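J.: Heads up: the protein sequence lines correspond to chains A and B, in order. To get our numbering, take the position in the first sequence, counting from 1, and add 4. To get our numbering, take the position in the second sequence, counting from 1, and add 221.
Careful, some of the hints might be misleading.
Said to hold, decoys possible - Here are the computed lysine to aspartate or glutamate pairs in the EDC-like style, where the Cα-Cα straight-line distance is at most 16 Å: (1) A:Lys47 with B:Asp380; (2) B:Lys359 with B:Glu293; (3) B:Lys381 with A:Asp306; (4) B:Lys381 with A:Glu310; (5) B:Lys231 with A:Asp306; (6) B:Lys229 with A:Glu310; (7) B:Lys381 with A:Asp48.
As the list claims (entries may be wrong) - Some chain B residues close to chain A (C-beta under 8 Å, calculated; not the full set): (8) Leu225; (9) Ser226; (10) Pro227; (11) Thr249; (12) Leu251; (13) Gly252; (14) Asp380; (15) Arg382; (16) Leu383; (17) Leu384; (18) Ile385.
Keep in mind that the hints were calculated from the coordinates and are not lab data. Computed from a predicted structure; not experimentally measured. All C-beta atoms, glycine included, are put in the ideal place defined by N, C-alpha and C.
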Amino acid sequence: MIVNQERSTGNDNKSMSSYLATGVKNIQPSGIRKFFDLVSGNKDIITLGVGEPDFVTPWHVREACVYSLERGFTQYTSNAGMPELREEISRYLEKGFQVSYDPKDEVLVTVGGSEAIDLALRALLEPGDEILVPEPCYISYSPITSISGGIPVGIETTADNHFKLTAEDLQAKITPKSKVLILCYPSNPTGATMTYEDWLPIAKVVEENDLIVISDEIYAELTYDGTHVSFPSMPGMRDRTILVSGFSKAFAMTGWRMGYACAHPDLIGAMTKIHQYTVMCAPAMGQVAALEALRNGLGEKDRMVESYNQRRRMIVQGLCEIGLDCHEPQGAFYAFPSIKRTGLSSEEFAQRLLTEAKVAAVPGTAFGSGGEGFIRCSYATSIAQLDEALKRMGKFVEKLV
Amino acid sequence: MEELSPFKLKVLDLLKEDARRTPALLSTLLGASEEEVKEAIAELERDHVIVKYVTVVNWGKVEEEKVYAQIEVQITPERGRGFEGIAERIYLFPQVKSVYLMSGAYDLLVEVEGRSLREVANFVSEKLSPIDSVLSTKTNFILKKYKQDGIIFEENPEDKRLLISP
C-alpha cells in the first residue's frame, strides 16, 4: 500500500489540514468571528454588535408553524418550494417593489438569503472569473466567491459619498474577466441606500459590460426616508439580475433560515439543480411560517420598521453628540460612525470600547476595504439599552480625545 | 370622537411602552421638535386621552398579600338611565378597580382588589349584592397574572441572540 507521507502522520490534527481544498484553506477567519471570541466570556456587556432584529418572530407566525407540525406537515416540499409560498412571494414583490416574477419557474425558496447567494455564484462562476463587490459589505461575499472559484474584486465606497456605489468606481474595476456584480442595498454595514437616479448610470455600466448582478435586497423593507428601488426594476436589468431576499430581517425570522431568489428561468433552473442535490428543499415548517408571515404579518412588519426608524434617529443623534461623525443611514439597522478623530484603528477602538466601556460594536475592517476608521453599531436593541450604550460610549470617547 | 393624528398616536404608543420617556427623548425618536411633543402631550392630557400615568406592578413579587377577583353581575337597568346609575354606584367603591358593561350572560364585569379572600367576600355580600338592582353575582378569583395591559409578567425576558453576529 502506498502511503502519502505528506498527509499521513497519525492523529496529528495539523496534518489533516493538508486534505483541505486550497480555496477553503486560504480563507481567513472573519473579523466578526475574531471579535466574537473576544466578546464571549465578558459580562454586563451592552451589545450593538448584533446583525439581527431584537424582536422575536411574531407569535402568529410561530403558531402557524407549530400548528402545521401538529397536523404532521413534516414532508419534503417541491425543490423550488411550496407553490403557494412562491406565488405569495411573487405577489409581495410585485406589490411592494414593482418587480414581477413567474412563481412557476422564476422563484426559488432557499435556506436563507445566504444559500441563494451561494447558489447564484456556483451557478455562474468559472474558475478565474472576477466578482465585483462594493465595500464595506456583508462579510460573506468575498469568501463565498473564493470558495466558488471566483476572484473577489472590492470597489471601495466612502463616507463622503454616503457609501453609495458610483458608475465611475464600478467602471474603474472592470476587466475582461469581470462577470458578476454583487449589490447589497440597503447596506450591511453602512445603512446606505440607492435611489432610482443613483442606479441609472450603474445599470448602464452593467449593460455595457455584460455583467450579471446578484442584488441582495434582504434589508429592502428597512428603508426609512425614501422608497426602496429594487435593482431588477431598473430598465433592462430584470433578466440580468438575480434578486435575493428573505424573511430574516423584516419579519424577525433569522433562525428560520428562509430566503428566496428570483430571476430569469435559465438562472433559477441552474440554481435549482444545485439546490436539489445539496439541500433538496428548504425546511417545510419554515416555509409554512414564511407563508403566514407574508399573508398576515405585514402589519407586524410595519410596526417593527417604525420602531427601528425611531431608534435610528436616537443613535445617529447620540453618536454625533458624542463626537463620532455619523452619516445618516437610510436603511437596514446599522449606524456606521467614523472613529477617526480618536486616532485609534477600528480594531483597537472596538476592543477598548469592549473592555473599558463594556459596549460591543464591530470594527469596520470586518467588512472589507473602506471599513477602516469606522465601527458598525446595530440599533436593533431596546431604547433603554441604546441609551445606556450611548452614555458609556460618550464617557469612553471623552477619555480619548 | 376625534380622530387622532398619526403623530399623536406615535406619542401615545411610546408613552404606553414607558411613561417615563421625556419630551426630549420622544422628540429624538420621532424626529420632531421638543415643543411639538410637549404640545401633543398637553393636548392629549387636556382631552383626557391620556388619563393618568401609572406603574404596572407585579404584586406577585411583593410579600404584601393582595387578592383579585372578577365579579360577573346581573342587574336590572333603571328607567331613563339604563346601566349608568348602577355602574356609578358600583365603581365609586374604592376596592373596585374597573367596571365594564358586557354583552352576553351578565351585564357588568367588576374587578375588585382586596387584602384577603374574606375582604373581597365581605364586599360582595355586604356592599354589592344588597344593591336593589343587582340580581345575581358570580365571583371568580384570579389565581395568577401572566399578562396585564399587554405587559408580560415574565422573569427577566432573555435576549437569546449572540453578542456579535454578521
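J.: If a hint holds in the structure, say so; if it doesn't, say that too.
T.: To see whether the hints hold, each was checked on the structure:
Annotation: proposed proximity of Lys47 (chain A) to Asp380 (chain B) holds, straight-line Cα distance about 14 Å (limit 16 Å). Restraint check for Lys359 (chain B) and Glu293 (chain B): satisfied, since their Cα atoms lie roughly 5 Å apart, inside the 16 Å limit. With a C-alpha separation of about 23 Å, the suggested pairing of Lys381 (chain B) with Asp306 (chain A) is violated against the 16 Å cut-off. Between Lys381 (chain B) and Glu310 (chain A) the alpha-carbon distance is near 22 Å, which puts this suggested pair outside the 16 Å criterion.
Taking the CA atoms of Lys231 (chain B) and Asp306 (chain A), the gap is about 13 Å. The hint holds against a cut of 16 Å. Among the hinted pairs, Lys229 (chain B) with Glu310 (chain A) is consistent with the structure: their alpha-carbon atoms are about 14 Å apart, no more than 16 Å. Restraint check for Lys381 (chain B) and Asp48 (chain A): the C-alpha separation of about 15 Å stays at or below 16 Å, so the hint holds. The beta carbon of Leu225 (chain B) is not positioned within 8 Å of any beta carbon in chain A (closest approach about 16 Å), and the interface hint is therefore violated.
Using the Cβ-Cβ criterion of 8 Å, the hint placing Ser226 (chain B) at the interface with chain A is not satisfied: the shortest such distance is roughly 15 Å. Hint status for Pro227 (chain B) relative to chain A: violated, with the closest Cβ pair at about 10 Å, above 8 Å. Hint on Thr249 (chain B) holds. Least Cβ distance to chain A is approximately 5 Å, under the 8 Å limit. Interface hint at Leu251 (chain B): satisfied, since its Cβ lies 7 Å from the closest Cβ of chain A, which is below the 8 Å cut-off.
At a threshold of 8 Å, the smallest CB-CB gap from Gly252 (chain B) to chain A is about 5 Å, leaving the interface hint in force. The beta carbon of Asp380 (chain B) is positioned within 8 Å of a beta carbon in chain A (closest approach about 7 Å), and the interface hint is therefore held. Checking Arg382 (chain B) against chain A by beta carbon gives a least distance of about 5 Å; that is within 8 Å, so the hint holds. Residue-level restraint check for Leu383 (chain B) holds (minimum Cβ-Cβ distance to chain A is 7 Å; threshold 8 Å).
With its C-beta approaching chain A no nearer than about 4 Å, Leu384 (chain B) sits inside the 8 Å limit, and its interface hint holds. Using the Cβ-Cβ criterion of 8 Å, the hint placing Ile385 (chain B) at the interface with chain A is satisfied: the shortest such distance is roughly 4 Å.
When held up to the earlier numbered hints, the structure conflicts with 3, 4, 8, 9, 10 and fits the remainder.
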